[in-house]
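Colleague: Fit chains B and C to the known structure of chain A by using the hints.
These protein sequence lines are chains A, B and C, in that order.
Residue 213 in our numbering sits at position 213 of the first sequence; the count goes up by one each step and never skips.
Converting from the second sequence to our numbering requires adding 1000 to each position, the first position being numbered 1.
Converting from the third sequence to our numbering requires adding 2000 to each position, the first position being numbered 1.
What the hints contain is simulated information worked out from the structure, not anything from laboratory work.
Among these hints, one or two may not hold up.
[As the list claims (entries may be wrong)] 30 Å max Cα-Cα, derived DSSO-like pairs, lysine-lysine: (1) B:K1204 - A:K232; (2) B:K1204 - A:K223; (3) A:K326 - A:K175; (4) A:K274 - A:K263.
Note that this is a predicted model, so its numbers are computed, not measured.
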Amino acid sequence: MPDREVRIGVYTCHCGTNIAATVDVRAVAEFAAALPHVVLSREYKYMCSEPGQDLIRQDIRDHNLNRIVVASCSPHLHEHTFRTALKVGGLNPYYFHMVNIREQVSWVHTERAQATKKAKDLVRAAVRRVGLHEPLERGRVAIHPDVLVVGGGIAGIHAALTLANAGKHVFLVEKEPTIGGHMARFDKTFPTLDCAACILTPKMSAVRAHPNITLWTYAEVTKVDGYVGNYKATVLRHPRYVDEDLCSGCLQCLEACVYKQAKVPDDFNLGLSKRRPIYIPFPQAVPQVPVVDPETCIQFKSGKCKTTCIEACGERHAINLQAESKVEQIEVGTVILATGFQTFDAARTPYYGYGRYPNVYTALEVERLVNASGPTGGEVVMRDGRKPQTVGIVHCVGSRDENTHRWCSRVCCMYSLKLAHLIKEHTGAEIFNFYIDIRTPGKGFEEFYQKLLNEHVHFIRGRVAEVTDWVFDASEEGKLVIRVEDTLAGFVRRIPVDMVVLATGLEPRADAAEVRRLFNISCGGEGFFLERHPKLAPVNTFTDGIFLAGCCQGPKDIPDTVAQAGAAAAEAMALIDAGYVETEPNTAHVDEAVCCGCKTCNSMCPYHAISLVEEIRKSRVNEALCKGCGTCVAACPSGAIRQNLFEDEEIFEEIEGILSNA
Amino acid sequence: MKPKVAFYWCASCGGCEEAVLDLAEAVLDVAAAVDIVFWPVALDFKEADVAGMDDGAIAISFVNGAVRTSHQLEMARLLRRKSKLVVAFGACAQLGGIPGLANLTTASGVLDEVYRDMAVPLRESREDGATLTLPELFDAVFALDRAIPVDYYVPGCPPSTKVVADAFQALLRDPPPEPGTVLAPNQAMCDECPRRDRRPEDVKLARFYGVEERAIDPADCILAQGFPCLGPATRAGCGARCIKGNMPCTGCFGPTSAVRDYGAKALCSIASIVSGNEVEEIDGTLDGIADPVGTFYRYSLPASFLGGQAGNLPHGRQ
Amino acid sequence: MPEEFEPKIVAFFCNWCTYLAADLAGTSRIRYAPNAEVVRVMCSGRIDVQFILKAFAKGADGVLIGGCHPGDCHYQEGNYKALRRYRLVQRLLPQMGIEEERLRLEWISAAEGDRVRVVINEMVETLKRLGPLRKAEGERAADLVEVA
Chain A
1 MPDREVRIGV YTCHCGTNIA ATVDVRAVAE FAAALPHVVL SREYKYMCSE
51 PGQDLIRQDI RDHNLNRIVV ASCSPHLHEH TFRTALKVGG LNPYYFHMVN
101 IREQVSWVHT ERAQATKKAK DLVRAAVRRV GLHEPLERGR VAIHPDVLVV
151 GGGIAGIHAA LTLANAGKHV FLVEKEPTIG GHMARFDKTF PTLDCAACIL
201 TPKMSAVRAH PNITLWTYAE VTKVDGYVGN YKATVLRHPR YVDEDLCSGC
251 LQCLEACVYK QAKVPDDFNL GLSKRRPIYI PFPQAVPQVP VVDPETCIQF
301 KSGKCKTTCI EACGERHAIN LQAESKVEQI EVGTVILATG FQTFDAARTP
351 YYGYGRYPNV YTALEVERLV NASGPTGGEV VMRDGRKPQT VGIVHCVGSR
401 DENTHRWCSR VCCMYSLKLA HLIKEHTGAE IFNFYIDIRT PGKGFEEFYQ
451 KLLNEHVHFI RGRVAEVTDW VFDASEEGKL VIRVEDTLAG FVRRIPVDMV
501 VLATGLEPRA DAAEVRRLFN ISCGGEGFFL ERHPKLAPVN TFTDGIFLAG
551 CCQGPKDIPD TVAQAGAAAA EAMALIDAGY VETEPNTAHV DEAVCCGCKT
601 CNSMCPYHAI SLVEEIRKSR VNEALCKGCG TCVAACPSGA IRQNLFEDEE
651 IFEEIEGILS NA
Chain B
1001 MKPKVAFYWC ASCGGCEEAV LDLAEAVLDV AAAVDIVFWP VALDFKEADV
1051 AGMDDGAIAI SFVNGAVRTS HQLEMARLLR RKSKLVVAFG ACAQLGGIPG
1101 LANLTTASGV LDEVYRDMAV PLRESREDGA TLTLPELFDA VFALDRAIPV
1151 DYYVPGCPPS TKVVADAFQA LLRDPPPEPG TVLAPNQAMC DECPRRDRRP
1201 EDVKLARFYG VEERAIDPAD CILAQGFPCL GPATRAGCGA RCIKGNMPCT
1251 GCFGPTSAVR DYGAKALCSI ASIVSGNEVE EIDGTLDGIA DPVGTFYRYS
1301 LPASFLGGQA GNLPHGRQ
Chain C
2001 MPEEFEPKIV AFFCNWCTYL AADLAGTSRI RYAPNAEVVR VMCSGRIDVQ
2051 FILKAFAKGA DGVLIGGCHP GDCHYQEGNY KALRRYRLVQ RLLPQMGIEE
2101 ERLRLEWISA AEGDRVRVVI NEMVETLKRL GPLRKAEGER AADLVEVA
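Looking at chain A on its own, in the form it has when it is part of the complex:
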């Protein structure tokens, strides 16, 4: 119990009308004024504003307050803000408690009397609790200067380069044998129609060449331990069977492979072409080192190959079919997750005919068709060998749909316009785009749309119901018929086309749930990694030291991805350059007067923060390792462990405050 008299200031916020429209703020403030130990109770429009915080600072001095309660929004938003206000006002920041009467009262309840009563109960609970608060000091933990970037798409590449240029050492870990991500598969990028490879590959080369970047491709992070500033990660590097240090990138081994005809579906070209068991994903792959696929290589399967690849490699001896995977252990201070997205599987919308009709393509497949280094050398040629004369582009496949994904994938309208333009350019075909809305919010995007309109691409507003080969009359013979309600014209139409392109949306990767557990972050409802705050902290997560960049956080285009990657790099840099991070003081500690050395707590802690000190036969908590969960506190059978800021007595007071009818 505190020795000196407890003097509490209570501040109830209107938050404009966010709280005041539902909760009678004045009544709450008046109620608070009458509570024991409350010396001062104010209501104010915006407590988090500068004048609001100033009120607190002034009042601490003028009224000799030694405890502060603010009833406003969620502590996740402004607990830090107000604690800082206390600090500046000369009071220990932990003499503070925050009451959530917005997110958990005014925004979720409608009846004024009930909402006001709930607010009062919660304020009473806080007033009772805060009287027991003790002054606490934050600890400091040093930040390891190295950074781990997971994912080598444009997001990971940009983040890595930004950090490396700032003199930080970066580990860039990429699952595929090459960096580049989805962008490497694009032909041109909207709205400028820049060649994707032309803008991407210089950055890829820069990554390769940068002395501050350790690039591990064909590798995955398998374990992460530690906490902000001090992460220990285990990286599993799969064997390529070609030594990266010895290979010169001449690619003669590819030519020399006993398979004269490529037989293995080429993943980079989405199965539209074939590769050999020894391959390089695409010509500008970084690193420029081939990979041997043990599933299809004859030497691996039967041991009876002439291994002409090894012959062709000659004196370099770069090919080693006995290579084994390697496990690396690294220490880093911060992590940036840039693991990207996967495209929606068009097989889930079978009414669009993907997989059933050979001339139905996904947008990404079409990117490969129009690309000069693609499976058709840049010719838009369908699976049956013909060039299309009419093409239908179906927007929102898998997006904006209760049956698949509710969200808008943000990039599909723009890339559908882009593909319309490119296909028309390559083939002169008549193009129809079927859309629900045309979403062109970015710089130059609306102008791009106008350009397409001027190119006489047809735009039909309607969600396509189905793609079918069931023909009505001779004019539809041999074509795919798109059935759609043209909502502007007001009737259902049948549009026969040669080729259908499905604008499939973006979704979280299938392994997102696994990855997020590895790094101890959360996923949102849609499955993308969860940001700390959608507006104010889009690259931070709730786990300090772990940042997000790119589509793993939500669908976005390349400019936004690059911006976010830069932001994540900046956040990491801010931590590293500060040199330390402050740790929350809500750690546990053992009251050695009460501890009997039963060791119940020792095995409760997942961070191994508690151990028995033999000399005194009592347990002790290593506060640097303690994360403040409080599990040991509840488990201690004799009440000998306590948790700062979450003492039993403080919580009992909160419970009594909520339930008391006073």
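Modeller: What follows is chains B and C alone, placed relative to chain A:
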């Protein structure tokens, strides 16, 4: 003038009286140092004698047993008036004790169970023109400090000889202990358990056993063997007498000062070391605790949050 | 005409999952019954059984525990400890005359704002059906001791 001392028993088994006698020869020293003015089990002083004393005339009254009849309440109040200090002696007085388990039912429930319609106790009956009365049996059992303000507590069922001797010493010391103190060490019993070093660091139990189910290894930590030993949750002072008798601790010394509800904390801690993460597995393990309230609240139900008619305990609760 | 009984629920929400889900319900303007009042803890593993019983003793008609889904605890395993304690307390409550539905443990992740609404509304309905806890206590015994 030797200080006057009284011993009284409310709802008790008589074991606490024995505990005083267990001082053996030392009891003669006690008898020499104080003037025992009231001790129904041993001496012939009457209630009227106590009523006739001045208020505060008795230096210390040691009251054992819980309060559950109108007569016990009356006597508790009487002794409080007539004493400078009142010590709640033993688990029943401190926490409600084993009689406290009656709080799981009502007074009529208890009588039904005992007499099964064969007899009905009468509050009042007339015999040969005289009126005989029985005290009222309350519906609830109370710890002593719910009836009167209590100055100190001597825990245990019964208190151990050492704790009794140490308590006498402490009370006669100058300055006396803080009011409200429990006169026993403030660590859990593991502190004095001879098997403490045999407890592995990581105890995770997949099964609980009753003492009737299998033999207890006389050397190893009893909890680690799967018997719900409440030693880690229970205040020390007994010298681990039950452990030395190769039986698990049942919690008669109550909690340390850091715990408000003994049974809740003990339950919380025992549950924490159950192995298994799936509900089915956990439930299978918990099936081994057939009677949770009896296991965790054997001595402390009236003093618990829920089992004592709730409310704050304004006097003497640490 | 007696006022309709409004059950009082004390909810212990873990900071990283359920508390955030409740915040999300707020930012999404999802409406639900006002009967639950939240005590925030860092992890469901912090929830001492004393808190649960204290809440019932002080007038709560129901107690709700909210934590992260198994496998997702921000602190690895705290929620498993909460689960084990919950299963044992559930066996204790009926022995003390408290219906086991008055205590509820729910796994609610940070993304499940709507689940907060569903769980709280359901719990209010259940408690309205069960009636106030206090009345049950009063039926059992009288609180008749005065302190001298």
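Colleague: Indicate, hint by hint, whether the structure satisfies it.
Modeller: Hints and how they fare:
Note on B:K1204 and A:K232: the hinted pairing holds, with a Cα-Cα distance of about 28 Å set against a maximum of 30 Å. A threshold of 30 Å between alpha carbons decides the hint, and for B:K1204 with A:K223 the separation of about 25 Å falls inside it, so the pair holds. Between A:K326 and A:K175 the alpha-carbon distance is near 14 Å, which keeps this suggested pair within the 30 Å criterion. Between A:K274 and A:K263 the alpha-carbon distance is near 5 Å, which keeps this suggested pair within the 30 Å criterion.
Going through the hint list in order, the structure satisfies each hint without exception.
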